[in-house]
Amino acid sequence: MNPTADQPIGRDEFDTPAEVDAVFRTQRRIAVAHFVVFFAGLLSIPAVTLLTGWSSENWVAQSATGFVAIGAGLYLFFFLLGMAAASLATGVEHRMLGTPTDADAAEPEP
Amino acid sequence: MSRSAGLLATVVAAAWILLYVAMHVIVDPPLHTGVIIALGLAVTTALILGFPSTLRGPRDPLTTTGRGRLLRQRAPGAQSTSVAVFGRDLPLRSGLTPEAAERTVRLLRPVLAGDAVAITDTEWVLAFVGPGSDHHRSGHQPTTAATRAVLAGGRTKVLRAREELGCSDPTCPLRTAVVAPLLVADRVVGTLKVYRIDETPPARQPVQDLASILSLHLELAEADRERQLAADARLNALRAQINPHFLFNVLNTIASKARTDPEDARRLLLRLGDFFRYSIRQDGQFADFAQEYFFVRTYVALEQARYGDSLAVRFDVDPQVLSVQVPVLIIQPLVENAIKHGLSEKVGGGTVSLKARVDPLSRTTLIQVRDDGVGMPEDLLDKVLSGNGPGGGIGLRNINQRLENLFGERYSMHVRSGHAKGTTVDLRLPLR
Amino acid sequence: MTVDLAALIATLAALTMLAMALAVRPRRASSIDFYLAGQRIGVMTNALAICGDYFSAASFLGVAAAVYISGLDGVWYAAGFAAGFVPVLLFVAAPLRRFGQFSLPDFLGRRLVSDRVRLVAVGVVQIIVLSYLIPQAVASGITWSLLVGSGVLGLDAYATGVVVATTTIAGLVAFGGMRGTTWTQALQFVLMMAVLVWLAAVVLGDGFSYTGAVAELSRAPLRNPVLVDGQWQLQPVVSALQSDAPARFDEPGARYSVLGQTMLLITLMLGTAGLPHVMNRYFTSPTGRGARRTTVWVLCAAGVFYMLAVMLGTAARSVIEQVADTTPWLADLTVDGVLRIPEHAMLTLGRLSAGQAGLATIAIAALVAVISTMAGLLLAAAASWGHDTFAGVVNRRATQEQVVLAGRLAVVGTAAVAAVAALQLEPASLSALFPSAVATMVTWAFAVAGSALTPVIILSIWWRRMTAAGAVAGLVVGSATAITMFLMALLRPDWSVATLLLTPTPVAAPCAIVAAIVVSLRTEVPVDLPELWVRLHGTAADRAAERLARLTIRGVEPHQPASGELRVEGTGRRS
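Residue numbers (this note's numbering), protein chains in the order written: chain E, 1 to 110; chain B, 1001 to 1432; chain F, 2001 to 2575.
So that you can see chain E by itself, here it is in the shape it has in the complex (with noise of 0.2 Å):
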């Protein structure tokens, strides 16, 4: 369960501090772009609601708009927003740490 105890196999894989931490800053920047993102459009419904009070119109069919954003569109933005996330950062882990030639298979999916 703890792969760093074991001894590494084959090619030593290792990262120097310089990279770990070029890595670092820029999955920092990643995470805190994406979380503002994310606050954001959370807070968008109340705030929409609240200066505008478009939740009681019915523009979808006859469903309460407020209704169908928070009790669906919601989850599939924050699904949205997780692969987003997700294959960027795992993206940005295999461009800056490791070898270019570690990867002759195809980039690891996000």
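The hints are simulated quantities; they were obtained by calculation from the structure and are not laboratory data. Note that the Cβ used here is the ideal one computed from N, Cα and C, for glycine as well. It is possible that some hints are incorrect.
[As the list claims (entries may be wrong)] Computed Cβ-Cβ distance ranges for the label pairs, DEER-style:
# : chain 1 : residue 1 : chain 2 : residue 2 : range
1 : F       : Leu2521   : B       : Gly1308   : 24 to 32 Å
2 : B       : Ala1046   : F       : Leu2521   : 43 to 51 Å
3 : F       : Leu2204   : E       : Ser87     : 32 to 40 Å
[Unchecked claim] Reference excerpt, derived from the structure (chain F facing chain E, CB under 8 Å, subset only):
#  : residue
4  : Ala2094
5  : Asp2250
6  : Arg2293
7  : Tyr2306
8  : Val2310
9  : Trp2533
10 : His2537
11 : Thr2539
Starting from the known structure of chain E, fit chains B and F onto it as the hints suggest.
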């Protein structure tokens, strides 16, 4: 956030506020909320899509599709019987120089149905042969005012009257002319001018055809030069990297670690292998930033093993930059220079930082390499820029030249250095 | 229950289990499969297991109950629960896995190289575990009373449910029966999901129109049962947004003001990253990358789950209103067509849709939800007492038996405390105070987790300068603030800010962060920080694991170069 993103955000916010005020204060009764939101979204979309082009400034007339149209206007198989096929012997193959222009002009004069022939570049007349050569002289500014128009507009002009020629000398025998631009990849680099002393201007088509042949040769000349420079760069890179100094130092470091920390020594050897493997790859002019970054960090790992704690390197890479295409072997030399400046003559160690950003709104890639060394005085800066700086390596001049060949005017490189304030190299490249 | 009903349930359960067992069974060479990031089953199974741990009765019954009683405000509950995994994905999942320990206190203890941090974290974990356990016990009591209706040994139905559930699970966990292995939890979640999907299908098949029902329910102002002078009456709910207007089903304000809703959202959102039983599962992911993908799958499953739960809550409100008068057993539970105890909503809907079989199915699913979560929680408690406290600090040379004994004692003790607390809380009186008591109580667990553990964990991962003293300060300040705030709310429920005090994270978490930062800046970082940092943010171990897996799959022996020989990589390409 980049400046342009901040500007865009401000403009969009201002637009929404304006919309809100307009809808609620001016319009009476206030419009349905849905309409306001739809309008706002439309305005925002228009702003976001239109913003980048605004930022780029008015379109460079030399790059308009007018150029393309011009090129396509040449009907295939037109009357070009008088145009011979010049092979490699055409002098312009070595570039647009006065000597080459002179020889070309003499070669062409019998072919073109004209009395006087001239070739200019963007500023000077390079060669002029025929009547009127007493005042239309090479080495001077073109006296034909129309030349400027062709240089700016990139389209062939037919001048049918003496007044249109705009020549200030009243004794000038030339009456009519055809002025055709010489193009290298959509950039106007000069003109080909054919004059006559009678009232019928020369035939337009043959002049244009010949101008396009000359343009082709000029393009080939540039490609040659580019290839040469790249080969030089690679050779230099190789030379620099297998510069005995560098190799000696790295191997020394590895040898000294071999007893105390054999694992570390092994890792350094692997990194050295990575380093060489990358520097001899031959895959064209551009590479992913991620790959160039790999090269840089491998190099840094080797240098840090040698210098230990006195060299601190900081990377600050935007995630979007990683998939951008940048010219090969551009960044590592900059970092190498920075390490040398940052550490030499300085006690207590130095810090080198590499920052890479993308600005999608103005479509530029920004790369900044900074060190906090003792800085360079003016004269040393000039020496380094010309490639004669201490420590060898690829001169900034070579980098500059390669970038100029690749991007023309669309890139910029600023080197700032202050005494005891370190050196900063700022590179702005077009986004690919 | 009749015979054919029992058979129906048994068949349903068996079929689902069989299907999932086929899908997630461990393959040949499964340990290598597990190492290979991107191997879908491994990641999927882990994701389902996390869901099994996370979706407790609060999600299964409580969300529907919240929607039932508060309309749109209840929908935000569900959104908050789902949203919690986004900060986990962004900030915690991959680094936590890469650092590789066994529990959250273990992680903090080793990252900051301090036993004091470990112990304080264990304390916070206990509080969270208890706060999460008590509502589960309450939910099992409610379910039992509705399913069986009568008690044993002189206890009333509710008490019987509580006692039976807690003792059974405590016994199972303490005596090593249910180890909470990944795929057992996964199966339990799949069962829950299957039941939810089934009920949704039945309800929709019965002619339920989601959009229509919402519109219909919102036409008249919202009215909920209130205990007035010992009598239950329906009274209109005053909107928390505009004090002169009544609340409606599809409008916000039935329960929370804007500030209250936002605070609730933040509390739930930050809480997930500090839940010990959920986060412990991340250490079983194969790689950091795998941990991220697991969380993405969790988000997907959570989305579907909560979408259905919200729909069913709405359906319950609409259907029960229509048939309350004509159904005798329902009349006992309702006041003028509205349930007195909102947690009955899902169970009642099940019974209305498919009779006793439906009720039994929902009840079983609810109990499964309770069981899987309680098991996870009790295991987390056992780990924190046995592994973290006893073996980690008190007696480093403890033998395996001693550690296991400590864990068992912890399990029994925790379960007992939870049961006693649950017995004190009668749901009927609770629902007067807090609509949807189960969901509200689970919020307390989230509040402590989000105010104390989440800020400290996130700071430890993303801030180099974090120190052990800072972590202790953060944990203490965060949990103390949170607990104080909702004790104040409990003691003075008539205060205007009482509702706000029940979701203290937006206040307590910043306090914890500030405390942690201030104290950290005055103290020293751990000595071997560079190595710790490389382990936390570098992917060397992941890459080694993936490489091994790739080589093994290809059937190639990993080449061990002889000493002094530099191995040339032949990839067939010019290099």
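Hint check:
| no. | hint | in the structure |
| --- | --- | --- |
| 1 | F:Leu2521 to B:Gly1308: 24 to 32 Å | holds, 28 Å |
| 2 | B:Ala1046 to F:Leu2521: 43 to 51 Å | holds, 48 Å |
| 3 | F:Leu2204 to E:Ser87: 32 to 40 Å | holds, 34 Å |
| 4 | Ala2094 | holds, 7 Å |
| 5 | Asp2250 | holds, 4 Å |
| 6 | Arg2293 | holds, 6 Å |
| 7 | Tyr2306 | holds, 6 Å |
| 8 | Val2310 | holds, 5 Å |
| 9 | Trp2533 | holds, 6 Å |
| 10 | His2537 | holds, 4 Å |
| 11 | Thr2539 | holds, 5 Å |
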